[in-house]
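The listed protein sequences correspond, in order, to chains A, B and C. The numbering of the first sequence is this note's numbering, which starts it at 1 and goes up by one. The numbering of the second sequence is this note's numbering, which starts it at 1001 and goes up by one. The numbering of the third sequence is this note's numbering, which starts it at 2001 and goes up by one.
Hints may be right or wrong, so weigh each one.
Claimed, not checked - Think about it this way: if two alpha-carbon atoms lie no more than 30 Å apart in a straight line, the pair counts; the simulated DSS-like pairs of lysine-lysine are:
no. : chain 1 : residue 1 : chain 2 : residue 2
1   : A       : K72       : C       : K2040
2   : B       : K1132     : A       : K353
3   : A       : K347      : C       : K2101
4   : A       : K347      : C       : K2041
5   : B       : K1196     : B       : K1132
6   : A       : K381      : B       : K1020
7   : A       : K57       : C       : K2164
Claimed, not checked - Estimated spans, in silico, between C-beta atoms of each pair:
no. : chain 1 : residue 1 : chain 2 : residue 2 : range
8   : B       : D1141     : C       : Q2427     : 46 to 52 Å
9   : A       : K436      : B       : D1140     : 46 to 52 Å
10  : B       : E1243     : A       : F433      : 33 to 39 Å
11  : C       : I2333     : B       : H1209     : 56 to 62 Å
12  : A       : F433      : C       : H2414     : 39 to 45 Å
13  : B       : T1114     : C       : D2039     : 53 to 59 Å
14  : A       : K168      : C       : K2041     : 32 to 38 Å
None of these hints come from the bench; they were simulated from the model. From the three backbone atoms N, C-alpha and C, an ideal C-beta is built for every residue, glycine too.
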Amino acid sequence: MRTSNDIVEDMQQSGYSEGFITEIESDTFPPGLDEAIIRKLSAKKQEPEYMLERRLKAYQYWQTMQEPHWGKVEYPEIDYQAISYFSAPKSGEDAPKSLDEVDPALLETYNKLGIPLVEQQLLAGVAVDAVFDSVSVATTFREELKKAGVIFCSISEAIRDYPELVQKYLGSVVPHTDNFFAALNAAVFSDGTFVYVPEGVRCPMELSTYFRINEANTGQFERTLIIAEKGSYVSYLEGCTAPMRDENQLHAAVVELIALEDAQIKYSTVQNWYPGDAEGKGGIYNFVTKRGICKGDRSHISWTQVETGSAITWKYPSCILKGDDSIGEFYSVAVTRGRQQADTGTKMYHIGKNTRSTIVSKGISADRGVNSYRGLVRMNKGAETGRNHTQCDSLLIGDQCAAHTFPYIEVANPTARVEHEATTSKIDANQLFYCKQRGLSEEEAVALIVNGFCKEVFNELPMEFAVEARKLLEISLEGAVG
Amino acid sequence: MKQTSSLLSVNHLQASVDNKPILKGLNLEVKAGEIHAIMGPNGSGKSTFANVLAGHEDYTVSAGNIHYLGENLLDLSVEERAHKGIFLAFQYPVEIPGVNNMVFLRTALNAMRTAKGEDELSAPAFMKLIRKTLAELEMDDRLLKRAVNVGFSGGEKKRNEILQMALFQPRLAILDETDSGLDIDALRQVAKGVNKLRDPQRSMILVTHYQRLLDSIEPDYVHVMADGRIVRTGDKSLALELEDKGYSWITDEEAA
Amino acid sequence: MSDQQALLAHYRALAQRDQPVLPLQQQAQQYLQQHGFPDKKIEDWHYTALNPLLEHAFTPASAMDETLELDRHTLGDLLLGNEESYQVVVYNGAYQSQLSKTRGLPAAVQIDSLQQALAGQDQTLMAHLGKLSGEGEHLFNALNTAYLQDGVYIRVPAGCKLDKPIEILHVSLSFSGALMAQPRHLVVLEAGAEASLVEHYASLGDSLCFNNMISEVFLAEQAKLHHARLQNESRQTRHLASLYIQQQQASQYHATSIAMGGLWSRIEFHNSLDAPGAEAWHAGLYMAGNAQLNNNHLKVLHRAAGCRSREVYKGILKGQGRAVFDGLVKVDIDAQQTHAHLSNANLLLSRDAEIDTKPILEIEADDVQCSHGTTVGQIDPELLFYLRARGIPEHQARQMICLGFAGDIVETLHWPPLRDYVEGLLQQRLQHITRIG
């Protein structure tokens, strides 16, 4: 048994608490992508014919596309043929019936990550659909959810067991034609989560998934689909860590949310994948497409994200506000230091009448980090009395970092109202002095001030997550000042 | 009490905002020269009533009627009501960026004169009038040079309302919580202004939450509003009793 | 050959009509041969629909053999200062010395036709021309440079403080079809010099014109320039102006841009604060209605420490008017202690009006105070209620609110004749604002 001292030692050695590699035999495809690989992938996952057809169509479309480079990020060219498109832990082949059957090394990994898989889950009331590499290996609480009528399973299972729902909604919010990475994902997605909340049901617990990238050169292509029927409510938490590796790892997930009449979906993310070393070597490329549609009247989607990890983050969780009186929200904290680059923000498309959106974005740049907010607010002609308020603040720590703000505002309805505010400044010297005079160290003072800066966003997170996020932020900014 | 014909007559007035009923059958008679105080807890509908009288379009009158100077008031637009002598001193006077206060006062005054078939006032004549009015109210001309209410303190905004009232000489002035947010000195100055404007031909409705304004402006009647209706009417002693016992004294009695 | 290619061939041929004199003209010709029209894929042109520019093959006045003797009478009231300004008239892009009045100008101050100054190999001119505009930010810039002929050259020597504004009236008129005027201005203020420049763009009739102009402005140490610009051309005019401003230590640039004319307009300010302590103020008011498209581009680059800039742009959109505000404040890594504040507010007065706005901050220094704010909305109904409750008729109340909204921009016009003129124009244009149905 490892003691807690060993774990502490691990952290000290790696300089990154989640940066270790689990030694498990993996069933991995050779690197490369062509039609044969996609057929093999689909066959391995025992998918129905319709899914293979979708994958091939997406793949063909992807081949006609160019990788986008409009973001304010820089990275070496990605060789898509050097990536392996499938990897599953061997012990996952004949899925475990209970936790006892799970590979002990795997459980050990989760323990190291601090994922409360057994008792803690019960206490926290959290169901965990843990994805290790690409295949779900442990799912709990499904019975309890089943009683409420909530479907919470891997997308692979949903493809087999709920083909009508999948065919109706998969790709309906993010079609494979949407962008380069969405097309790639549609062709090769490995696994992910499926949630269906039936009419009028308030999901009895927060749903959460921990993702983990393992296996060198393994692309991770998660696919998440959440459907909230009329008058239902669901809160979904997503958190990620990754082990330390030298090669850059590509992550191109797609998340689709569908909220029908009076439904509410709350989607929270804490992302702390490996950011690379001080020179930026080895971090994750996080190119994600997340989009939700408020399809029904009075529906409500909110995105909350705390992004501290990855070498490059490129994501714009967005809302299509189609239903009248629907609401879209985006709350974000993004931290970049070392050589990290983040280009993140949101798009709010106001289509229905009296739709409202709120954007709160807090960017923190330290060392040589580059942080860009990129957002679009569009009020269509029919968006009568639509409202948007955007607040976008950047905090600079150190003289080598950068913060950019790229808001796009398009208004085609005169009764709509849009307000956008943004500020950029360094930590206020007077605040620092005040804290230090009261006996706080520089680091403590910075942590305190930064926490205050991010408070509006943290307030939107479920409580356990908020605590974790605060801690994460402190760790992320250790040594940034001075 | 003077026996004169009714200036304002409100009958069974019901009004709502965003489909939410606020006024639920309000009755009120105001005769020339009378001062009526309307008191009541927050949310009882006092400000709604003031805005309905002035013609705010967010408020929908669903039943009842209002007669003013023998006319159906609800048929008149906001500005027509102003032309006919209805003046609302706003609880929260809005800031109008870029519009000079002096230009605004002159434009408004001339709009009223034109509506009454009078000639517009020339710039020098207007200056003379405003100097005189300021002197009477013991105000200085600082506020005239700035944009309407922009950057004014709470007291300055309320004083600007009283200045307008003095300038426009209305028949019916509705003072919506004019005392709120004022310190003792500002309150005294506002009350002084209002008292100067007391006139046998001018009626006033004072909407207020507290009794303290009524120490300096003595009303003929005090009405208590609760849940969109006037539930009690008396003289100024009613206000003192309210101060003593609180609104629950009346609202509880109503509920009982 | 597609229409666009034919048009491109037309402009390329035009540019090659004359043998280039200056190296920068040769470079511009090369640029023209190698590049096409800017399109939506280029970030700076994302919202600029080009169609009205591509509907006709515009031709320079000199190539059209079009001559009309202008007299001061024809200009009517378009010249705003009588004795209160030095006056220059530019007609279809050409300097009109017989109509210009520069009497009383201090001897060392130059206000000249650019063509003449070029012919005379003026040293200051040669040292500055094309230094900011480069070989071409886009095809239309290159076209201006390649075909460079005339414009206004202004030099104010060190320490000289001009007593009166320099008023430049640009008029255009064409009888024989799609005419292109390509004035090119160069303004050099030497150390400590102070001047006020007022540019007024107007039309003598509603003829089909494309004004494609470039201005370069150099402000040396401690120099101070007030620069007002009124674009009020006729319905059929297309107006593309690229202004390049370079500022040295502790210089001050105050710009006010009023844009309300033409079918299509795009005004670009490229302002670079190159030395410590420089300050730039940009105020702008744009108004579009009646299917007008009005583009406002502002790039303020902080490249040295301790500079300040303030950008305030406001827009009023009526009818089927569309406008674009594309503002960028960029703070370089060396530009510590920068203060920059960018704001953009818009009033939409009709169902068919549209605004696209993009206020961008790019910050690479840490010790800065930067902010931006944007609003889009209609006339605040509470303001309207207040004014109506004071007896002011609804249409007049709307006009007052709109004029008030524009007020702080108009106030930055520090030459009273221009301010009064603009106020008059605004009152006229904001007379019949109706309720949004």
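The hints, checked one at a time:
1. A:K72 <-> C:K2040: holds (18 Å)
2. B:K1132 <-> A:K353: violated (52 Å)
3. A:K347 <-> C:K2101: Not satisfied, since the Cα-Cα distance of roughly 55 Å exceeds 30 Å.
4. A:K347 <-> C:K2041: holds (19 Å)
5. B:K1196 <-> B:K1132: Given that 30 Å is the threshold and the Cα spacing comes to 13 Å, the pair holds.
6. A:K381 <-> B:K1020: holds (29 Å)
7. A:K57 <-> C:K2164: With a Cα-Cα distance of about 71 Å, the restraint between K57 (chain A) and K2164 (chain C) is violated, given a limit of 30 Å.
8. B:D1141 <-> C:Q2427: 46 to 52 Å: Because 26 Å falls outside the window, the suggested range is violated.
9. A:K436 <-> B:D1140: 46 to 52 Å: holds (47 Å)
10. B:E1243 <-> A:F433: 33 to 39 Å: violated (49 Å)
11. C:I2333 <-> B:H1209: 56 to 62 Å: holds (57 Å)
12. A:F433 <-> C:H2414: 39 to 45 Å: holds (41 Å)
13. B:T1114 <-> C:D2039: 53 to 59 Å: holds (54 Å)
14. A:K168 <-> C:K2041: 32 to 38 Å: With a Cβ separation near 35 Å, K168 (chain A) and K2041 (chain C) satisfy 32 to 38 Å, so the hint holds.
The earlier numbered hints that this structure contradicts are 2, 3, 7, 8, 10.
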